[in-house]
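Each protein sequence line maps, in turn, to chains A and B.
Start counting the first sequence at 1; every next residue gets the next number (our numbering).
Start counting the second sequence at 1; every next residue gets the next number (our numbering).
Do not take every clue at face value.
What the hints assert, rightly or not - No farther apart than 27 Å at their CA atoms in a straight line, the calculated lysine-lysine pairs in the DSS-like style are these:
(1) A/Lys59 <-> B/Lys59
(2) A/Lys59 <-> B/Lys57
(3) A/Lys57 <-> B/Lys31
(4) A/Lys57 <-> B/Lys67
(5) B/Lys57 <-> A/Lys67
(6) B/Lys67 <-> A/Lys67
(7) B/Lys67 <-> A/Lys29
(8) B/Lys57 <-> A/Lys31
(9) B/Lys59 <-> A/Lys29
(10) B/Lys67 <-> B/Lys33
(11) B/Lys6 <-> A/Lys57
(12) B/Lys29 <-> A/Lys59
(13) B/Lys31 <-> A/Lys59
These are calculated hints, taken from the structure and not from any lab test.
Keep in mind that this is a model prediction, so the values were computed, not measured.
There are 2 protein chains.
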Amino acid sequence: MERFYKIGEVAELLNIEQHTLRYLENSLKIKIKRDERGDRMYSEADLDTLRLVLQLKEKGLNTTAIKLALETAQDSEDGQQPGLVSVQPENNIKEMVSIARRIIEQNDELMQQNHKLEERMARLEKKIEERNVEREKKIDEFLNLWRAEQEGKGRSWLSWLRGK
Amino acid sequence: MERFYKIGEVAELLNIEQHTLRYLENSLKIKIKRDERGDRMYSEADLDTLRLVLQLKEKGLNTTAIKLALETAQDSEDGQQPGLVSVQPENNIKEMVSIARRIIEQNDELMQQNHKLEERMARLEKKIEERNVEREKKIDEFLNLWRAEQEGKGRSWLSWLRGK
DNA sequence: CTTCACCTGATAACAATCTATGAGGTGAGT
DNA sequence: ACTCACCTCATAGATTGTTATCAGGTGAAG
Numbered sequence: 001m002e003r004f005y006k007i008g009e010v011a012e013l014l015n016i017e018q019h020t021l022r023y024l025e026n027s028l029k030i031k032i033k034r035d036e037r038g039d040r041m042y043s044e045a046d047l048d049t050l051r052l053v054l055q056l057k058e059k060g061l062n063t064t065a066i067k068l069a070l071e072t073a074q075d076s077e078d079g080q081q082p083g084l085v086s087v088q089p090e091n092n093i094k095e096m097v098s099i100a101r102r103i104i105e106q107n108d109e110l111m112q113q114n115h116k117l118e119e120r121m122a123r124l125e126k127k128i129e130e131r132n133v134e135r136e137k138k139i140d141e142f143l144n145l146w147r148a149e150q151e152g153k154g155r156s157w158l159s160w161l162r163g164k
Numbered sequence: 001m002e003r004f005y006k007i008g009e010v011a012e013l014l015n016i017e018q019h020t021l022r023y024l025e026n027s028l029k030i031k032i033k034r035d036e037r038g039d040r041m042y043s044e045a046d047l048d049t050l051r052l053v054l055q056l057k058e059k060g061l062n063t064t065a066i067k068l069a070l071e072t073a074q075d076s077e078d079g080q081q082p083g084l085v086s087v088q089p090e091n092n093i094k095e096m097v098s099i100a101r102r103i104i105e106q107n108d109e110l111m112q113q114n115h116k117l118e119e120r121m122a123r124l125e126k127k128i129e130e131r132n133v134e135r136e137k138k139i140d141e142f143l144n145l146w147r148a149e150q151e152g153k154g155r156s157w158l159s160w161l162r163g164k
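Taking the hints into account, I'd like the entire structure generated from these sequences.
Set out below in structure tokens:
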């Protein structure tokens, strides 16, 4: 006959706290049998459900989503993994997968390239800026020298023009 | 041809804030086309997707769940309710194809983007060059004037410095 | 030169979800 | 009687998810 687990055992087995089990039961509206005393009796099937739930939780689904997932899981109960989680391609699609994978790789490459381009561009832009600044600096320098020259003092702007 | 909406319009239409749209785009990893300027361009299909997303949100699904739902939703594009609720194994092939299609599209986009970046870069490079040339030209001009001045003829380089 | 409608982070403020505890209780077995 | 393993209801605390804002920018159009 069927075997049932008490909440303590389940907590042990699945490695979660009892209160969490109770919480899941409520929030997911899972129905767990009770014995005459009102104690929960978990069936193997319940354990499976719970294991699935835990997996889904890991993936980041919230209770509402898990609830939905459980509903649809109902259908594929015959052996297979539930639909939502494992949209596994059949054998004959293997090829497609590999193609897709290659495309994805290419995609990544493109993205990288893209990124590099952007960087290069940024550098270029900076360079323009620098150049601009430099040029202005030179003009300033020149003007100063020139003014000095006008007043007959300071080193000659001519020398600036020539050397250095 | 296809019509595109800017983020402002979409926000209006769907009655959500622009920043929320951006948030969804990130958290759901939805890909929205961009124009040359980098502005988002929402297609009708994107609008549909968003509408679906909003519905799912209302139902209490979190982004992770919605992401999954979107993936599988692709199939039931023919009217029907979103995929999460109705995942059937036979859909796998169709689903894969559509995923692949999306990836390829993305790929194309990336290439385009890439191309645009290159162009932009070329333009930048040209600009730098022009600037350089111009600068040299000015210097030349100046030098000539100056030489002329030195020989007591030609118009004053001073005037060049001042007015042009 | 200013306004407009965008863009990208970063981060603050708030909301929902999940986990942990505590009080008060029950029946069964020692 | 007492302890054990449960139960419920309530609520505190921690973690995530979501929405709002802010600063600092850009290109196009008036």
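Review point. Quick check: which numbered hints come out false for this structure?
Key: Failing hint: just 11.
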